[in-house]
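Enquirer: Below, each chain spelled out in residue letters.
There are 2 protein chains.
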Amino acid sequence: MNPIVMKFGGSSVENIEKMQAIAQRIQQKKTDGFDVVVVVSAMGKTTNQLLELARQASTNPSKREIDLLISTGEQVSISLLSMILNENGQSSIGLTGFQAGIKTSGLHTKNKIEDIDIEKVEKHLRDGKIVVVAGFQGLNQDGDITTLGRGGSDTTAVALGAKLNCRVEIYTDVEGIYGVDPRLYPNAKKIDMISYEEMKEMAFLGAKVMEPRSIEIGHRFAVEILVASAHQNTPGTLIKEFDPSMETKSITGLSISERVILVSINHLPSQSRHTADLFIKLAQNEINVDMISQTNTPDGFVNLAFTASSEDTHLINDVLTELQKKYDDVIISTDTNIVKVSVVGMAMRTQSGVAATLFELFAANDIDYKLITTSEISISYTISSALKEKAVHLIASAFNL
Amino acid sequence: MNPIVMKFGGSSVENIEKMQAIAQRIQQKKTDGFDVVVVVSAMGKTTNQLLELARQASTNPSKREIDLLISTGEQVSISLLSMILNENGQSSIGLTGFQAGIKTSGLHTKNKIEDIDIEKVEKHLRDGKIVVVAGFQGLNQDGDITTLGRGGSDTTAVALGAKLNCRVEIYTDVEGIYGVDPRLYPNAKKIDMISYEEMKEMAFLGAKVMEPRSIEIGHRFAVEILVASAHQNTPGTLIKEFDPSMETKSITGLSISERVILVSINHLPSQSRHTADLFIKLAQNEINVDMISQTNTPDGFVNLAFTASSEDTHLINDVLTELQKKYDDVIISTDTNIVKVSVVGMAMRTQSGVAATLFELFAANDIDYKLITTSEISISYTISSALKEKAVHLIASAFNL
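Chains A and B, in that order, give the protein sequences. If you use our numbering, the first sequence corresponds to residues 652 to 1052, in order. If you use our numbering, the second sequence corresponds to residues 652 to 1052, in order.
These are calculated hints, taken from the structure and not from any lab test. It is possible that part of the hints are untrue.
Note: identical chains are not told apart, hence a pair may lie in one copy or across any two.
[Said to hold, decoys possible] Straight-line C-alpha distance at most 27 Å; calculated DSS-like pairs for lysine-lysine:
(1) K977 to K669
(2) K754 to K774
(3) K714 to K1041
(4) K669 to K1039
(5) K771 to K761
(6) K891 to K1041
(7) K714 to K680
(8) K669 to K696
(9) K774 to K714
(10) K754 to K771
(11) K714 to K900
(12) K976 to K771
(13) K681 to K714
(14) K976 to K680
(15) K761 to K774
(16) K859 to K932
(17) K669 to K714
(18) K840 to K763
(19) K669 to K680
(20) K1041 to K977
(21) K841 to K774
(22) K900 to K680
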């Protein structure tokens, strides 16, 4: 067998005409000698339309029933795409998540793939069929239909690639992964190859082409992932094991996170208990804290700052109001007019001076930053939203992104 | 356990408001002390919309993929209805055909229920949940999703009633079964009780409230079936074992079949081979012949007449053209301006004279009929479409339907 997995998102299957177009690409792959597994998402905005029905049915719909509801979206796509392939004379079969042997566990609407019982898919491939699998869904141990959360169809595709020990091709509306979002920096260059680590870091830091989870699976099972255009025959970006030849650039990519809230808390009494209480309270409210920075003053106080998603502003304000009540002297401020700029590059591991170059760049151009965090292969800064475009252009041109 | 099965069709679940209305009725049943299983169809015209997509995808879509496609319709209904029940504080769970253990076999789009693995439904009932099952669908031995064809949700409901050994309530847009269609005869009387045999015969002969197959299952397993209004709290019609107390009426009901073609073939050489050839040819073209009548002439010829669905007119004409070529002297005519009027009553078994009364009625009122067929509990006549209304009024008033 010579298998390959091709994944198409919702906009590639939003109507019959678009499905007919991708059917041509799929059949070409078969003609090229591959045993083709196709993973598809729901048609266009179907999932949102179904969720709107759920919202009308219930203020707080059971997540199990949400999964039962929205999983129908991909089931419609697989049956129609399979009909089109059969119509074209290419034997094909559509399989739902459970029919493709995808076993999941975890919380409804956020399940994880545990394993794939791959025999059925392999049998149909051996019979010469193109196997069209519903992305985003599976079956848990209780026999309930589950979904995999955001980016779930990518996860299905990569997990199938891992099980079939083959390459996965993710077809999207863009031509591949860019060092910086072309909408922000029109001269942005497409990346030909990128390591799993860098891609994961970029995805975590706000690049939206792929979800970190699917890249993580690709990394663990060494599945080569090609991200390419669904519309054009251009080379795309290959995500694979880190290879020293990739290391010529000191920075591979730049990500922007918008919708950030920066919280500054000054004059908090300097005992670790107080800081811990605050973060426990935030966690209890399911607020994901992103960047954290803390400094201590000589007179026994702590100055603390952190960022989170501005979607949680209401919840955060409730926590802060409680904090203010408890400590009269604490000075609290919040700012939502900020963005997080992150630069990512495996080279940071081995090359020194990337951070220095960035600090110099920001200083020479009057870009003030509030918080800084670093990981092994990335540095992130929060800056004023007004400076976003300026910072992107400076960094992208300095590092040739 | 004190189970009951309630079935609601597509128009009862066509939007969230209608689902909220039936949720009230369902919860009342639970309050009344029943362990409630609900069977629902797809919302409104969903199935037709999905079939239209299939038609766009393929001129001859694979029936397996059609089943995969249209089974999503009921899956959407069960999840939304279950959300509404949960929202109302009534614990509920939605189960697809395969999750409810419904095992089927046969041809795709026309599967039959083989068995139901009822444990899962029973477990949820014991847990106090209302179990909402997707009608019309199941899973075959190959693990493919199947559908049950026309009236399939009724079949699901009655089969569940058979397995749970309980009563089934079919909620419809009408108040029950009428002796004659109220659209044809405004004074039509609702029947309070009817035997399986009569109901089956009426369904076969054109009454559209229930499909014969579901009544057949009800009969075999002695499942009491109530057909009642989904909108009003009126008593409905109970379909049950024949009971001599039902036998006061000589005729229980009158059915009209429209879209009938009557074929008359005269002067066919009188050898059984010729007649057999004709009916074999019709069967090979999947033309269902309904009524057949044959007479022989003293000079060695056969006069033959039969009826079929006028939807098959094209196919029938092809067969007739061949026949004409083969036998020069044969005289063939077809007529689509006819209807079949059938009267049904268990009493025909024991009371003589029903047929005589009908013949007398037709003769006295100048109603000519072309073909007559009889079964143990029914008589059918083909008459001119123009006489339909007259015949219906005469029979309905004569037999107090």
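Enquirer: Each hint should be assessed against the structure and marked as holding or not.
Expert: Each hint tested on the structure:
1. K977 to K669: neither (59 Å within a copy, 51 Å between copies)
2. K754 to K774: For K754 and K774, the Cα distance is within 27 Å both inside one copy (18 Å) and across copies (23 Å).
3. K714 to K1041: So K714 and K1041 fail the 27 Å test inside a copy (43 Å) and across (58 Å) alike.
4. K669 to K1039: Neither way: K669 and K1039 sit 36 Å apart in one copy and 50 Å across, limit 27 Å.
5. K771 to K761: Answer is both: 25 Å inside a copy and 24 Å across each meet the 27 Å cutoff.
6. K891 to K1041: Result: close neither inside a copy nor across copies, 32 Å intra and 81 Å inter.
7. K714 to K680: Answer is between: at 26 Å across copies they meet the 27 Å cutoff, but 38 Å inside does not.
8. K669 to K696: both (14 Å within a copy, 24 Å between copies)
9. K774 to K714: Between copies only: 20 Å across chains, 33 Å inside a chain, cut-off 27 Å.
10. K754 to K771: Both: 13 Å inside a copy, 19 Å across copies.
11. K714 to K900: This pair counts as neither: shortest intra-copy Cα distance 45 Å, inter-copy 54 Å.
12. K976 to K771: neither (61 Å within a copy, 52 Å between copies)
13. K681 to K714: Answer is between: at 23 Å across copies they meet the 27 Å cutoff, but 38 Å inside does not.
14. K976 to K680: neither (64 Å within a copy, 52 Å between copies)
15. K761 to K774: Answer is between: at 26 Å across copies they meet the 27 Å cutoff, but 29 Å inside does not.
16. K859 to K932: This pair counts as neither: shortest intra-copy Cα distance 29 Å, inter-copy 62 Å.
17. K669 to K714: Answer is between: at 22 Å across copies they meet the 27 Å cutoff, but 31 Å inside does not.
18. K840 to K763: neither (34 Å within a copy, 58 Å between copies)
19. K669 to K680: within (17 Å within a copy, 47 Å between copies)
20. K1041 to K977: neither (41 Å within a copy, 89 Å between copies)
21. K841 to K774: Neither, since 38 Å and 56 Å both go past 27 Å.
22. K900 to K680: neither (33 Å within a copy, 70 Å between copies)
Checked against the numbered hints above, the structure breaks hints 1, 3, 4, 6, 11, 12, 14, 16, 18, 20, 21 and 22 and satisfies the rest.
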